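Heads up: the protein sequence lines correspond to chains X and Z, in order.
Residues 1 to 294 in full-length UniProt numbering are what the first sequence lists, from first letter to last.
Residues 1 to 389 in full-length UniProt numbering are what the second sequence lists, from first letter to last.
Hints are not guaranteed to be accurate.
[Claimed, not checked] Reference excerpt, derived from the structure (chain Z facing chain X, CB under 8 Å, subset only):
hint	residue
1	ASN83
2	ALA85
3	VAL221
4	ILE329
I should point out that these hints are in silico values taken from the structure, not numbers from a laboratory.
All values reported here derive from a predicted model rather than from experimental measurement.
We treat Cβ as the ideally placed atom computed from N, Cα and C, and that holds for glycine.
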Amino acid sequence: MGELLQYAKRRADSLRGDNVTKTTYDAKPGTHLQLWLLVFAVVFPIAVAVIVSTKQTGVVTSLGDLLPGSYAVENYREALVDYQFGRFMWNSLAMSVVIVVGKLVVSVFAAMAIVYYRVPYKDLVFLFILFTLLLPVPVRFIPLFQLMNDLGWSNTILAITVPYIASATTVFILRQHFLSIPTSIVETAKLDGVGPLRFMLFVLIPMSKGVLVGVSIIMFVYAWNQYLWPLIIIDSEANQVAQVGLQLLQGDVQGGQLSWSLVMAGSTLTLLPPLLLMIVFRKPLLETFSIQQK
Amino acid sequence: MTTVTLQNLRKEFDDVVAVNGIDLEINHGEFLVIVGPSGCGKSTTLRLLAGLESTTDGRIEMNGQDVTTVEPKDRNVAMVFQNYALYPHMTGRRNITFGMKSSGDFTDEEIDRRVTEAADTLDIADLLDRKPDAMSGGERQRVALGRAIVRDPDAFLMDEPLSNLDAKLRIQMRAELARLHSTLETTTVYVTHDQTEAMTLGERVVVMNDGQIMQVDEPQVLYDFPANRFVAEFIGDPAMNMIPVEIQDGRAVHETFEIPLPSGTDQLKSNQNGVGDVQVIDGQRAILGIRPEDLHLSDAQTDGQLPTINAEVNVREPLGDSLLLHCSIGSTSCNIQAEPRTQVTAGETVSVTYDPARLHLFDAETGEALYHSESRQSTSEQAPSKLST
């Protein structure tokens, strides 16, 4: 069966005029089936969410209910305008952008210091930075809550952004990338008397564009999906972010009127910005996180 | 005027000694080549000169001023790297001007004028608007050279600049470098592992091994009068044959042959042709050095009076312009560069003779040169060498 498929593939290639002798990967017939199953498993819940968001009540009890409804415009309008979901999305966007920019600035400086400067106990410092990976933000909630209150930052954008700005992951990825830049380029700059800031702006950052974009996307998605911390530290509805705002769409739950279609409309909306970014920047993203043969 | 002086220069990396106390004087406008095998400390020496490494000990002077602890940018030297080190996101022009603009010592008009000049000198005007991606290896190296020369530095430091180029281009660039140096007359220190490059480019060549200088001399002198076994084997391709012998009464005695050392024992003893203070004593074990091109297949008519050596041919390598024979003389293996188209087959025993003016003796233990059959004076006077057997 496998051989037959291989033959058919080669035949098709030759008909298309491709080079017949090129190496083809020995894909077993089951592989595609597995891939499709996996894709289905990932996409199905999202597809259901999108379908439900177009229905009036949004209760799915049979397969027949999985046909798109006609209340899409009505539902999305209600979520964005009546429930101010647009406002939450805007807050989320502001939070994510501040976190991404802050992280990049801090991490570029940190990685540059770690890679290019002779600092005493440099490796120990880097190890300590990596060590912070073992302490995720939720572990630090209680002291952080106290600190934010003491600083008077609670209920502001500072509270949901500043604690996230230091990033061991970003420092690590950038460090690895900076190390891959040939030392002779750095040394040429040294001999030419190029100052550190000028070196960073005109050499390091342009040479790291791909990695910086890739890291930014990951950081954006991570920031965008923050839920627990904003829920704790932000208590005014006007400053709340989209992930927390979703539960406000549930409507009058006590009255037994849990509006699933509205919740799903909100979920679909929150999904869009990261999805768009992923689609637009998929190339640098893959380059950043794939193993490269050099 | 740029002279560079290294005094007892030493560099250690943890417990590895990369450069072990070298003294060197580089003259103004000189093209000095440092050559040696991998890990001999040649690149480290260059990097110490550039200031990219800090010295462990010793002193570097430029024009009489101590620059040992001076920052690289304040030494006014330009370096050319093996991998060109061009900024990949900048055009040729920006690559050349970036450093000058950063230092802030030049006006825009000055920069433009110098770039035009350098572009003319190196013939790279059409590369200025291209990025390195769109240049070939040779073009990239030319732009890198352009970047070095626009600043009009006191010295060029070149770290194997031609090693990434293919053989043909390397020869072409080699000639271009020589031309560039004769135009600019800037003091140049050039590091390479390729002895052909060293011989063709260098006005003087420094041979290094294990962090130490083995010999500093003009290329032909290095070739004709190697100071020790290392230099003798390193310079010249194919390498010099090293045959263990014993000295007896002015003759080099091997298990299968014995040949007289021209100028005889008396002169050996009086050290006329010997090197430095070394003395050759009868019965001393030594290494006889003969270059493959100084051995040839014996011809009864012309070489009548010369002793012959029997050698068994193991492998023949026709090189076109010559025929290289890998032979064994007794238990010693040895290469012979024979005339091309010579009819010799592997397994055959051939009778070999040698050029008596081109024999070398090295100490069996220390490897120091004991004797060259021709004295340095006689070569400089172009006197024909005499055979005194």
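**Item:** Violations among the numbered hints, reported as their numbers in ascending order
**Value:** 3 and 4
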